[in-house]
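*Asks:* As they're listed, the protein sequences go chains A and B.
Sequential numbering from 182 applies to the first sequence in the working numbering.
Sequential numbering from 48 applies to the second sequence in the working numbering.
If you're looking for bench data, these hints aren't it; they were derived computationally from the structure.
Check each hint, because a few of them may be wrong.
Said to hold, decoys possible - Which chain B residues stay away from chain A? Per the calculated CB distances, all over 12 Å, these:
1. Leu72
2. Thr186
3. Asn194
4. Gly234
5. Ile248
6. Ser253
7. Glu265
8. Ala289
9. Glu293
10. Ile323
11. Asp342
Unchecked claim - Reference excerpt, derived from the structure (chain B facing chain A, CB under 8 Å, subset only):
12. Glu67
13. Asp68
14. Ser100
15. Ser106
16. His114
17. Ile121
18. Gln122
19. Asp160
20. Tyr163
Remember, predicted model here, so these are calculated numbers, not experimental data.
Glycine included, C-beta positions come from ideal geometry on N, C-alpha and C.
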Amino acid sequence: MPVNDDVISRNNVKIIGSGQQVMLMAHGFGCNQLMWRFLTPELSSQYKIVLFDYVGSGASNLAAYSRQKYSDLEGYAQDIIDICIALDLQNVVVVGHSVSSIISLIAAQQIPERIHSLVMVCPSPCFLNDPPHYMGGFNREDLNELIDLMDKNYIGWAQYLAPLVTGTTEKNLVTAELTDSFCSTNPITAKNFAKATFFSDYRSLLPLNSHPVLLLQSETDALASLFIGDYMHKNTPKSCLQVVPAKGHCLHMTHPEKVARHIHDFMQSVQAGESIL
Amino acid sequence: MTAEFPLDNFPSGLVVTTVEDRQILFANQYFYKVSQQEPQSVERIGLIFTAASKIVIESFVMPMLLHQGHCEEIQLTLETKSAGRVPVLVNARVAKGDKAVIYWVISTAQQRDALYQELVNLRNDLEQRAEKLEVLSQTDELTGLMNRRAFVARATAMIKQALRSKMSYSFFMLDIDHFKQINDQHGHDVGDEVLQEMGKILAKNSRENDVLARIGGEEFAIVTINQASDSPVKFAEKLLAAIRAEKIHGVDITLSLGLAISAKASFEQLYKGADILLYEAKNQGRNQLVCRDIDQS
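Extracted from the complex, chain A is given alone in its bound form (with noise of 0.2 Å):
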């Protein structure tokens, strides 16, 4: 099986666990594959789990990182793409929190034939409102405040000041390290993950989708209401909608145990053939 070891590095892929069933695992906004480490325990022994760092998150190559490419959800999808073809992978169930549900999607809307099926949990296609019938929870000067408070937060940067005042370039700027920091604000990746995140609308994908997909909808999420879940399950054909009996936009690391409960049930009924709809 021919590797592709720059993606491999530039993704920062770890490979875990066994099992035939390949389960990938993308991160959202905000941290880095270390979020999956209270869900892989329960998954490891029935699966082979790849996990990942998008370029400008985490331990991934930040020279590989382009402010363009990375300004909307594809860039992100091309990541995943490119997982997936460096190491050959093939029936890929693919388990994305919030953003990355979406931008699971649009991955395999890209490469149907190596996707086997979507977890999605607490994912919304579209943050913003957009009044009378969809209210993704946000106005745009909500997010516009978000950018700004990103600006005045310091976690995970790594000098940003510095070089810009002594005149270093972008360039040079973006081949240092990203500190070890689980989550990071800083203002070149971070910030623009947070605009291709938070302003974008990618509802008119759901219609398209093709494969199987549970919904994994927390009871009380401040970035995802039940209104969102509901919306998800009524336009993403094949898609099987769970409304967990927890709080918070984190089930993946508050509920690790339904989360696995809920992803093994939905794989024996895929696998049965049974019509989830």
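Model the placement of chain B on the given structure of chain A, informed by the hints.
*Replies:* Only chain B this time, still in chain A's reference frame:
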């Protein structure tokens, strides 16, 4: 000092919540004062923050608390009834036990916020200036085209790309015929206008991915990757014809053009080749194209 409730005297909001939905189990008076809430009206800590802060909490604060058990110096914004938005600094840590809880310390941060806003403005200003300078350093002031320095960088990169994808490429070196006479007869103002018009005509007739620049006094250059659909000779003839068709300031303008084509030459070799061909065109009477595949010679 209030003996029964010393925590109420701290000039910081002190709050204890559950982990899952951050339900308030305890909060001191300062917290209610600064958030302008009544104890019975706010059940969960998340409710006192702006929508943007909620995203920061869900995307950064909670993952960090769940992953590493603590987070420090997170700036958020309170939404208050009469004081509007109040910037605050939040520290939090998870205490594990029979029932895990989160301890929060919330301090107002108006001055810190003002300082940070200044830094953010300064950074944005620096970024804009750096961008402007970059554009200026790459642009020919008179024509608005790329200057020689930018041309060398872009054309070199384009040739490397063509070599990687095993495609041939062309270097067009263009020189306005008898430009010195135009300057002498009509004045430098007209000379400058001729250069500007020339830049416009070349830009109009070039394709989006062509690298077009003014590289010297009356010299222009274009580097392109050759397309099967459009031969470089035809493109050169089209440029010559476009110039001949225009009268600039009542002056008839013609061009001499050296065209070097290659699939293996370096930028420098190609540049030199096109320069030699341009001089051949001049020597043969100007207003013409001399073209060669320099890999053959």
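*Asks:* If a hint holds in the structure, say so; if it does not, say that too.
*Replies:* Against the structure, the hints come out as follows:
1. Distance to chain A confirms leucine 72 of chain B as a non-interface residue, since its nearest Cβ pair spans about 15 Å, more than 12 Å.
2. Against chain A, the non-interface label of threonine 186 of chain B holds: every CB pair exceeds 12 Å, the least being about 17 Å.
3. Every CB of chain A lies more than 12 Å from the CB of asparagine 194 of chain B, the least distance being 18 Å, so the non-interface label holds.
4. No beta-carbon of chain A is positioned within 12 Å of the beta-carbon of glycine 234 of chain B; the least distance is around 40 Å.
5. Look at isoleucine 248 of chain B: its CB is around 30 Å from the nearest CB on chain A, clear of 12 Å, so calling it non-interface holds up.
6. For serine 253 of chain B, the non-interface assignment is confirmed: its Cβ lies about 22 Å from the closest Cβ of chain A, beyond the 12 Å cut-off.
7. Its beta-carbon lying about 32 Å from the closest one in chain A, glutamate 265 of chain B satisfies the requirement of being farther than 12 Å from that chain.
8. No beta-carbon of chain A comes within 12 Å of the beta-carbon of alanine 289 of chain B; the shortest separation is about 32 Å.
9. No Cβ of chain A comes within 12 Å of the Cβ of glutamate 293 of chain B; the nearest lies about 36 Å off, and the non-interface call holds.
10. Every beta carbon of chain A lies more than 12 Å from that of isoleucine 323 of chain B, the smallest distance being close to 35 Å; the non-interface claim holds.
11. Distance check on aspartate 342 of chain B: its Cβ is at least 32 Å (rounded) from any Cβ of chain A, clearing the 12 Å threshold; non-interface status holds.
12. With its C-beta approaching chain A no nearer than about 5 Å, glutamate 67 of chain B sits inside the 8 Å limit, and its interface hint holds.
13. The closest approach between the C-beta of aspartate 68 of chain B and any C-beta of chain A is roughly 4 Å, which is under the 8 Å cut-off, so the hint is satisfied.
14. With 8 Å as the threshold, the beta carbon of serine 100 of chain B comes within range of chain A, its nearest partner Cβ sitting at about 7 Å, so the hint holds.
15. This hint holds: serine 106 of chain B has a C-beta 4 Å from the nearest C-beta of chain A, less than the 8 Å allowed.
16. With 8 Å as the threshold, the beta carbon of histidine 114 of chain B comes within range of chain A, its nearest partner Cβ sitting at about 5 Å, so the hint holds.
17. Hint status for isoleucine 121 of chain B: holds, given a least beta-carbon distance of 6 Å to chain A, under 8 Å.
18. Proximity of glutamine 122 of chain B to chain A holds as hinted, the smallest CB-CB distance being about 5 Å (cut-off 8 Å).
19. Of the supplied interface hints, the one on aspartate 160 of chain B holds, with its beta-carbon coming within about 7 Å of a beta-carbon of chain A, less than 8 Å.
20. Annotation: interface hint on tyrosine 163 of chain B holds; nearest CB of chain A at approximately 4 Å, less than 8 Å.
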